[in-house]
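K.L.:
Spelled out, the chains give:
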Amino acid sequence: MRLAAVVLLALVAPVPAAALGGTELAKVVREIDDRQRNQGDWKALCYMEQKEKDKTDVVYELLVFRRDQDDKQMFLFTKPKSEAGKGYLRIEKNLWLYDPSTGRWERRTERERIGGTNTRRGDLDESRLVEEFDAKWEADEKLGVYAVHRILLTSKPGVDVAFPVVRLWVDQTSFNILKRQELALSGRLMRTVYQPRWRKIFSPSKKADVWYPEEIRIFDEIEKGNSTLILIKDIDLRHLEANLFTKAWLESRSR
Amino acid sequence: MLLTDFQIAARNLATHTRRNLFLGGALAAVTGLLVLLGALTSGMESAMMESATTLMTGHVNVGGFFKITSSSTAPLVSEYPRVLEVVKANVPELDWATVRGRGWAKAVSEATSMDLVLVGVDVTKEPAFRRVLRIKQGRLEDLAQPNTLLLFEGQADRLKAKVNDVLTLSAPTDRGVNNTADVRVVAIAGNVGLLSAFSAIIQGDAVRQLYGLKTTTTGAIHLYLDDPRAAPAVASRLRAALAKAGWRVMDPDPQPYWMKLMQTVPSEDWTGQKLDVTTADEEMGQFKQFIAALRIVTWLLGVILMFVVVIGILNTLAIAIRERTREIGTLRAIGMQRRKVLWLFLLETALLGAGGAGAGALVAVGIAAALNAAHIALPEAAQIFLAQDRLTFLLEPGAILRTVLVLGGLTVAASIFPARRAARLKPVTAMHHIG
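These protein sequences, in sequence, are chains A and B. If you count the first sequence from 1, position 106 lands on 157 in the working numbering, and the numbers rise without skipping. If you count the second sequence from 1, position 1 lands on 906 in the working numbering, and the numbers rise without skipping.
Incorrect hints may have been included.
[Unchecked claim] Taking lysine-lysine pairs in the DSBU-like style, the calculated list, with each CA pair at most 35 Å apart, reads:
hint	chain 1	residue 1	chain 2	residue 2
1	B	Lys1193	A	Lys207
2	A	Lys144	B	Lys1067
3	B	Lys1165	A	Lys187
4	B	Lys1011	A	Lys106
5	B	Lys1067	A	Lys102
6	B	Lys1065	A	Lys298
7	A	Lys144	B	Lys1119
8	A	Lys275	B	Lys972
9	B	Lys1179	A	Lys275
10	B	Lys1067	A	Lys132
11	B	Lys972	A	Lys298
12	B	Lys1165	A	Lys102
13	B	Lys1011	A	Lys104
14	B	Lys1179	A	Lys106
15	A	Lys207	B	Lys972
16	B	Lys1179	A	Lys187
17	B	Lys1165	A	Lys298
18	A	Lys123	A	Lys102
19	B	Lys1065	A	Lys144
20	B	Lys1179	A	Lys104
21	B	Lys1065	A	Lys102
22	A	Lys106	B	Lys1119
23	B	Lys1011	A	Lys123
24	A	Lys102	B	Lys972
25	A	Lys284	B	Lys1011
26	A	Lys144	B	Lys972
27	B	Lys1065	A	Lys123
28	B	Lys1041	A	Lys275
29	B	Lys1011	A	Lys275
[Unchecked claim] Here are a few chain B residues that sit away from chain A, every Cβ distance over 12 Å (derived from the structure):
hint	residue
30	Thr974
31	Leu1045
32	Gln1050
33	Pro1284
Just so you know, these hints were derived from the structure itself, not from any lab. Given the structure is predicted, the values throughout are model-derived calculations rather than measurements. Note that beta-carbon positions come from the ideal geometry of N, C-alpha and C, so glycine has one too.
This is chain A alone, in the form it adopts within the complex (with noise of 0.2 Å):
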């Protein structure tokens, strides 16, 4: 898996190139913000599947609820059956987990692996580079076929982030993150992320097209081996239920 995602990015070569100035940079960063950002509501269908070093592969189904002008984020897994109606709830900025064998809910941090794969409720939520980080430019290369940007990202003081440094390979011509590589703290690699294949949807809400990763491949750099996959399947535009993101709305799915 992780050769084809190689292979297909593959025979980086360095392009001479002017470095982007602070403007420039500051624009690139703003328009992948901008074009992954919608104002409305979003629904999606997703798949997880969880690879590890001497485990059986796990495959989850969930849908992905996003109202992004509240920061409202819900996740309700569908499959495995012995997962179904496990929830997650993201409501002012506290992240909840419903399990419905035990009908308890739990505080879980932001930084959470979704049902114990190393996706972060980041990974399904919108782009918000600008709010979050500082950038700076570090070249211009060639990523497989793609020309790019490699941009390093650092954590503004006070905002708390899973990686508090990013580097990204922003492909020149469309701005699509292509590459992500997510460092810990000390400094060292954690994940890297790849998603070769975008989509656009049009927005009604926004007036203008959303575009979002249709495959995020993650390797786990600290436990060679592991890697999770994330498909994002059947984007839906339209307004949500008003009671949707509640408490009582997930516990309701498993009754």
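Once you've looked at the hints, dock chain B against the given chain A.
P.N.:
Only chain B this time, still in chain A's reference frame:
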């Protein structure tokens, strides 16, 4: 007179050797079983509490939780030197105190990974560690070096790690930011029961580095008292003193800190620092419950066995009285009072009870001593439940004496009814009895 009574009772017992040997043997078996089970439970409790009060908890602990947001919880005590000052001023019973980091991380080796509860220590200030830890590989002293870790055997086997191997610890800081630290394994110690299944000992500054903490922040202050029995009173006094000094102090809650960290505190809506004063019994609540459950099972087993013994005694004495009806009639005819007949029968069963229970206890003590001397190694799964790596029975004279007295007393109590029946027999009726 009493000596004569004893002689008569002993002769009566000797006359019916087979029957009394059978009854005495049953009593001895029950006593021996109860003594062995009690000694095994005490051995577990003793091993567990010794390792726990050395490695995981003081007699009293001043820990706490820091919440940057209501959804993030870290087991931290900030500005601990100030807390320690208040502690020292208010606990005259204090023998010594130590400061330890608390944390949780995923440990990743070349081969695999596992979750570890981290205990951050300054090994130069932990004199009791040497007594409890049995170092199998490496040196405990090397834990004073920066970025070092001590693993227990089970963990080392699982991680396929040896001394001098480097592990990566991965954990979120108190702000939820992912961080890593590379630590070198400097020692591997023998397992100490359930505690060593999930806890590893790490050099104190390595914990601070992993969690991005200041030097004035720690996990908990462990207090060791001159008399551990004073712990509840000291904890109560400290709660009041710390609250008076301006800290927010959590209400007493008899749960270990990691359960509060995982379940209770994240659901609470406060932010900032709260201190939590606990005792060793509270920190070891789960283990204590396990031991209590085991004791209950032991006693239930004991009660069932005792019931069987009581039935046996009633039956045997009923047969004995039937066989000895003419003898009782003769004794009554030559002037023996009813009370004396009752007394002789009770004395007989008392001798039988004391002899049987005493012999059972002696045999059990012998078996336990022999098993202790054999140093029988337990399999890893059994080590977790028995809290020890070798089968150890703790023989407590008081508990053994109690078991002997209870079983002896029960034997006498069970004989009261048949003995009274014997004493009530009319001499004429008894002498005419055929059988």
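K.L.:
Please go over all the hints and tell whether each is borne out by the structure.
P.N.:
Against the structure, the hints come out as follows:
no.	hint	verdict
1	B/Lys1193 <-> A/Lys207	violated, 47 Å
2	A/Lys144 <-> B/Lys1067	violated, 43 Å
3	B/Lys1165 <-> A/Lys187	violated, 42 Å
4	B/Lys1011 <-> A/Lys106	holds, 17 Å
5	B/Lys1067 <-> A/Lys102	holds, 27 Å
6	B/Lys1065 <-> A/Lys298	violated, 44 Å
7	A/Lys144 <-> B/Lys1119	holds, 27 Å
8	A/Lys275 <-> B/Lys972	holds, 32 Å
9	B/Lys1179 <-> A/Lys275	violated, 39 Å
10	B/Lys1067 <-> A/Lys132	violated, 41 Å
11	B/Lys972 <-> A/Lys298	holds, 23 Å
12	B/Lys1165 <-> A/Lys102	holds, 32 Å
13	B/Lys1011 <-> A/Lys104	holds, 15 Å
14	B/Lys1179 <-> A/Lys106	violated, 40 Å
15	A/Lys207 <-> B/Lys972	holds, 20 Å
16	B/Lys1179 <-> A/Lys187	violated, 40 Å
17	B/Lys1165 <-> A/Lys298	holds, 23 Å
18	A/Lys123 <-> A/Lys102	holds, 29 Å
19	B/Lys1065 <-> A/Lys144	violated, 40 Å
20	B/Lys1179 <-> A/Lys104	violated, 40 Å
21	B/Lys1065 <-> A/Lys102	holds, 21 Å
22	A/Lys106 <-> B/Lys1119	violated, 38 Å
23	B/Lys1011 <-> A/Lys123	holds, 30 Å
24	A/Lys102 <-> B/Lys972	holds, 33 Å
25	A/Lys284 <-> B/Lys1011	holds, 32 Å
26	A/Lys144 <-> B/Lys972	holds, 14 Å
27	B/Lys1065 <-> A/Lys123	violated, 43 Å
28	B/Lys1041 <-> A/Lys275	holds, 30 Å
29	B/Lys1011 <-> A/Lys275	holds, 14 Å
30	Thr974	violated, 7 Å
31	Leu1045	holds, 27 Å
32	Gln1050	holds, 19 Å
33	Pro1284	holds, 23 Å
In the structure shown, a violation is registered for the earlier hints numbered 1, 2, 3, 6, 9, 10, 14, 16, 19, 20, 22, 27, 30, in ascending order.
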